[in-house]
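Engineer: Listed below are the residues making up each chain.
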Amino acid sequence: MVRTLLVRGLLLGLLAGLVAGVFAFTVGEPRIDDAIALENAAAAHEHGAAAEPESATHGHESGTHEHESGTGGKESGTHEHGEEVSRGTQKAGLFLATGLYGLAVGGVFALAFAGLRGRVGPRSDAALALAAAGTAFAAVIVVPFLKYPANPPAVGDPETINTRTLLYLAMIGVGLLSTAIAVTTARSVRGGPWARWPAAVLAFVVPVVVASLLLPGVDEVPDGFPATLLWQFRITSLGTQLVFWASFGTLFGWFCDRAARAPAPA
Amino acid sequence: MSTLSARHIPLSHLVPWLLAVPALLLLGYLVLMDNGAVSQTGGYLHELMHDGRHLLGVPCH
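Chains B and S are the protein sequences, given in the same order.
If you count the first sequence from 1, position 164 lands on 164 in UniProt numbering, and the numbers rise without skipping.
If you count the second sequence from 1, position 2 lands on 2 in UniProt numbering, and the numbers rise without skipping.
Calculated directly from the structure, the hints in this document are not laboratory data.
For glycine and all other residues, C-beta sits at the position ideal for the given N, C-alpha and C.
Among these hints, one or two may not hold up.
[Said to hold, decoys possible] Covered by chain B, according to a simulated footprint, are these stretches of chain S (three or more residues, beta-carbon under 8 Å):
{"#": "1", "region": "20–27"}
{"#": "2", "region": "32–41"}
{"#": "3", "region": "46–59"}
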């Protein structure tokens with residue numbers, strides 16, 4: 001049973017990842033191209049003016065800069081996106097990234113589903129699949145997105161990538177923990193759905209809001225970066241995740257339904 | 001089928017499969033967050049998955 005669920009999760013995750021890849025490629029790639037064009041234009045503009053103050057503040061690095069090694073070389077590599085991997089390859093790599101993401105997420109989801117089944121949530125497998133996918137999207141995607149929204153290339157300081165990644169992971173932890181608190185609350189509250197649902201929603205929202213207020217904010221949008229492009233990119237990024245979770249939840253639920261209807265035992 | 005307890009999968013059946021979780025998380029890490037420290041490919045994996053990282057909403061440089 002667990003093996004069946006795991007294989008189903010891996011394959012459908014891969015499939016949903018590729019579906020999300022199609023969305024990201026058609027809607028998202030033009031935004032990335034726009035952002036990279038702005039980044040290159042800004043880099044070309046700053047090469048004359050800003051090169052001097054930068055080498056002055058990082059005085060100890062000026063030596064390695066001349067030898068084309070160490071931090072200096074690495075930094076220029078991350079800034080000029082076309083150098084190591086061409087843009088065409090990166091666009092193909094998009095499908096690899098969303099596909100492998102789907103594979104990993106689908107596998108973890110299936111094992112979580114196997115653990116939840118019959119213990120928490122709706123009794124029907126199909127309904128549980130949809131409810132679990134919706135909950136996962138809210139907890140693991142929407143909660144971190146609201147605090148640390150996705151950024152296009154050209155936005156974000158390379159120096160803070162580790163801090164930002166840790167904060168992002170912390171927010172995922174907050175989302176999962178809040179879900180656990182909400183489920184526990186819903187199970188312990190008596191008095192019908194009119195008491196249970198508000199209590200569960202409150203038990204989810206309060207920890208999320210408190211954590212959002214306590215964790216430090218990140219604001220690294222460069223001056224003059226178009227607000228419209230930033231907004232469009234962020235919505236597209238959220239849309240990519242929505243397409244993934246909606247298609248994955250639907251596919252997983254649909255296959256559960258099919259397995260339940262099949263004459264042979266699943 | 002109709003009772004909740006009859007539908008749950010015993011933990012003893014589930015535990016061996018949980019060994020797959022670290023492998024799946026490692027895959028997720030390599031796709032979304034590695035900057036060469038684990039994969040030992042320099043920035044290659046990062047750059048290859050670059051557009052996917054940005055559009056999946058993970059922090060990027």
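Engineer: Okay, the region 32–41 of chain S and chain B, do three or more residues pass the C-beta test at under 8 Å?
Structural biologist: holds (count 3)
Engineer: Between the region 20–27 of chain S and chain B, see if three or more residues pass the 8 Å beta-carbon test, and mark the coverage as holds or violated.
Structural biologist: Check passed, 5 qualifying residues.
Engineer: Apply the coverage criterion to the region 46–59 of chain S and chain B: a residue qualifies when its Cβ sits closer than 8 Å to a Cβ of the chain, and three qualifying residues are needed.
Structural biologist: Since 13 is at least three, the answer is holds.
Checked against the numbered hints given earlier, this structure breaks none of them.
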